Amino acid sequence: MSFLTINGGLLALLIILVLFSAFFSMTETVFASVSEAKIKNYVEERKTGAKKALFCVEHFDRTLTTLLVGNNIVNTALSTFALTFFMGFIRTGNLELISTAIITIVLLIFGEITPKTIGKKYNDKLVLFLAPIIYVISYILLPISIIFMGIQKIFTGKKNNDSQVNESELETILDTMVEDGEIEDDEHEYIKNVFDLNDRTVEEIMVPRVDMVAIEDTTSIDEVKNIFIREQYSRIPVYHEDKDHIIGIIYERDFFEAMAKNIELKNVKQLMRNVLFVNKKMTVDALIKTLQESKTHMAIVSGEYNDTLGLVTMEDALEEIVGEIYDEHDEGSVKQKLITKINDNTYMVDGDMFVSDMFEEIGLGEAPEGASKLSTWMFESQEDLPKIGDKMTYISCFTDQNENGEYEDYAKKIVLEIVEVDDRRIETVKVTVDDATEEEVEQFEESKEDE
1214 MSFLTINGGL LALLIILVLF SAFFSMTETV FASVSEAKIK NYVEERKTGA KKALFCVEHF
1274 DRTLTTLLVG NNIVNTALST FALTFFMGFI RTGNLELIST AIITIVLLIF GEITPKTIGK
1334 KYNDKLVLFL APIIYVISYI LLPISIIFMG IQKIFTGKKN NDSQVNESEL ETILDTMVED
1394 GEIEDDEHEY IKNVFDLNDR TVEEIMVPRV DMVAIEDTTS IDEVKNIFIR EQYSRIPVYH
1454 EDKDHIIGII YERDFFEAMA KNIELKNVKQ LMRNVLFVNK KMTVDALIKT LQESKTHMAI
1514 VSGEYNDTLG LVTMEDALEE IVGEIYDEHD EGSVKQKLIT KINDNTYMVD GDMFVSDMFE
1574 EIGLGEAPEG ASKLSTWMFE SQEDLPKIGD KMTYISCFTD QNENGEYEDY AKKIVLEIVE
1634 VDDRRIETVK VTVDDATEEE VEQFEESKED E
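First residue of the sequence shown: 1214, per our numbering; consecutive thereafter.
Just so you know, not all the hints are guaranteed correct.
[Unchecked claim] The following label-pair restraints were derived from C-beta to C-beta distances:
#1 Lys1482 with Tyr1518: 23 to 29 Å
#2 Tyr1352 with Lys1494: 53 to 59 Å
#3 Thr1645 with Leu1321: 40 to 46 Å
#4 Thr1612 with Thr1650: 15 to 21 Å
#5 Thr1645 with Asn1519: 35 to 41 Å
#6 Ile1286 with Lys1366: 18 to 24 Å
#7 Leu1321 with Thr1612: 40 to 46 Å
#8 Asp1622 with Tyr1518: 37 to 43 Å
[As the list claims (entries may be wrong)] Here are the computed lysine-lysine pairs in the BS3-like style, where the Cα-Cα straight-line distance is at most 27 Å:
#9 Lys1456 with Lys1508
#10 Lys1366 with Lys1265
#11 Lys1482 with Lys1438
#12 Lys1338 with Lys1253
#13 Lys1502 with Lys1456
#14 Lys1329 with Lys1253
#15 Lys1626 with Lys1604
#16 Lys1333 with Lys1251
#17 Lys1661 with Lys1604
#18 Lys1264 with Lys1251
#19 Lys1474 with Lys1438
#20 Lys1661 with Lys1493
#21 Lys1329 with Lys1264
#22 Lys1600 with Lys1625
#23 Lys1494 with Lys1508
#24 Lys1260 with Lys1338
#25 Lys1494 with Lys1661
#26 Lys1438 with Lys1456
#27 Lys1494 with Lys1456
#28 Lys1643 with Lys1661
Please keep in mind that the hints were generated in silico from the structure rather than gathered at the bench.
Values in this document were obtained by computation on a predicted structure and should not be read as measured data.
C-beta: ideal position from N, C-alpha, C; glycine also.
Construct the entire structure; sequences and hints are all you get.
Below, the structure written as structure tokens:
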């Protein structure tokens, strides 16, 4: 057998081993990155190879061990035969070093980087093709894999809790799914809003006491009818003497059904249903569960001294996920714009806008703790009933990125002026933002300490 024949055979063997290395590397990336949900869809669609792909993903530890064992066997053989191959060409004492360098470069380019890039990009297409092959190889290498998995359990334990995904990791996965086109932007927004339910409290989404429509238990039946027609609410709280003593809720449906059946109503108490009270610090996700368990759609929000702070509905909670919900009583079909920019430092803001949303929209750092809607925040800061022209000033100190991407400290003076009031309710506020001086910051901090 000639020299050329031997080296030609070795070269062919080396190429085959590099291809095997690329195969194992690409397959590892495919199974590590492919969505299990997508594979389950393939199973439901009865696509060829889907069941074996699902088996490999559900038993990923076994699959990964098989791939790593196979890849290491191939790479070890590649290094050994490469040394023999280069002995026929290189006559120097640095043969092993040169052989190792060449094989390392070849493996990095053709055995790792390129196949893994391809595997990541086309994982959902390749998984059905690769799964049957890996399924067979996993049984061939099963004796060796069992030994390695046993060693792994000794050092890592039987259960691996690292597979649990936290919220930030899940948000990253969702962002990737949006980029890959697996979910739509609005679906992504809904899911992220669900994460926020545990961070938002009832106090932030409630209808404040000043905006509550409620009726006294002595209100005449005719007046109750007029209130339902005028306000167009499906449920109205009933109080005794004042709003701190809510005693029930009357439903529009119950009221008009009674009138249609000519039932003689002497007072609203005849139609009252039980009322649910919730604490202002309850989270929105807990509120949804409580309303579901109570089979009701409205709750009264109580303060520390059992005083009435406002009311909250299931609709308010669900709007935190899907945005504004319109029913048959809502006017218009487009959500009113809550903030309008007049110039670089002046804005007109609707009283219904959350203070946190306003701060985020304008870029004012963190909103003051406990502030919910703008109208409520300003109402609570006023000593008297709110009127047009009333002002309040707030200083916000925060750190943010400038136009060059560098972090910089900011101090903003926020002047809020009431420009529209309707029956004691603050409808519109003019917000003016300027840089705050050191003296203004000091004075503001001192005033907060005095409070």
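Hints, one by one, checked against the model:
Between Lys1482 and Tyr1518 the CB atoms are about 25 Å apart, so this pair conforms to the stated range of 23 to 29 Å. Between Tyr1352 and Lys1494 the beta carbon distance is about 57 Å. The supplied range of 53 to 59 Å therefore holds. For the pair Thr1645 and Leu1321, the beta carbons lie near 59 Å from each other, so the given range of 40 to 46 Å is not met. The hint said 15 to 21 Å for the Cβ distance between Thr1612 and Thr1650, and at roughly 18 Å that hint holds.
Taken as a hint, the range 35 to 41 Å holds for the pair Thr1645 and Asn1519, whose Cβ atoms sit roughly 39 Å apart. For the hinted restraint 18 to 24 Å between Ile1286 and Lys1366, the CB-CB distance of approximately 22 Å keeps it satisfied. Under the hint 40 to 46 Å, the C-beta atoms of Leu1321 and Thr1612, about 42 Å apart, fit the expected range. Taking the beta carbon of each, Asp1622 and Tyr1518 are about 40 Å apart, inside 37 to 43 Å as hinted.
This hinted pair checks out: Lys1456 and Lys1508 have alpha carbons roughly 23 Å apart, not beyond 27 Å. Taking the CA atoms of Lys1366 and Lys1265, the gap is about 25 Å. The hint holds against a cut of 27 Å. Simply put, Lys1482 and Lys1438 have alpha-carbon atoms about 14 Å apart, close enough for the 27 Å limit, and the pair holds. This hinted pair checks out: Lys1338 and Lys1253 have alpha carbons roughly 14 Å apart, not beyond 27 Å.
A C-alpha spacing of about 26 Å is found between Lys1502 and Lys1456, which places the hinted pair at or below 27 Å, so the restraint holds. The hinted pair formed by Lys1329 and Lys1253 meets the criterion: a straight-line CA distance of about 23 Å does not exceed 27 Å. With a CA separation close to 13 Å, the supplied pair Lys1626 and Lys1604 stays within the 27 Å bound. Distance check on the hinted pair: Lys1333 and Lys1251 sit about 15 Å apart at the alpha-carbon level, within 27 Å; holds.
At most 27 Å may separate the alpha-carbon atoms for a hinted pair to count; Lys1661 and Lys1604 meet this at roughly 17 Å. A distance of roughly 12 Å separates the Cα atoms of Lys1264 and Lys1251; the hinted pair therefore holds under the 27 Å criterion. For the hint pairing Lys1474 with Lys1438, the CA-to-CA distance comes to about 15 Å; that is within 27 Å, so the pair holds. Proposed proximity of Lys1661 and Lys1493 is supported: the alpha carbons are some 23 Å apart, at most 27 Å.
For the given pair, Lys1329 sits about 23 Å from Lys1264 by alpha-carbon distance, which is consistent with the 27 Å threshold. At roughly 25 Å between alpha-carbon atoms, Lys1600 and Lys1625 fall within 27 Å of each other, so this suggested pair holds. A C-alpha spacing of about 21 Å is found between Lys1494 and Lys1508, which places the hinted pair at or below 27 Å, so the restraint holds. Restraint check: the Cα-Cα separation between Lys1260 and Lys1338 comes to about 11 Å, which is no more than 27 Å; the hinted pair holds.
Between Lys1494 and Lys1661, the direct Cα distance comes to roughly 23 Å. Compliance with the 27 Å bound is thereby established for this hinted pair. Using a Cα cut-off of 27 Å, the hinted pair Lys1438 and Lys1456 holds, with the two alpha carbons roughly 20 Å apart. For the hint linking Lys1494 to Lys1456, the alpha-carbon distance of about 20 Å falls within 27 Å, and the restraint holds. Distance restraint check for Lys1643 and Lys1661: the Cα-Cα separation of roughly 23 Å lies within the 27 Å cut-off, and the hinted pair is therefore satisfied.
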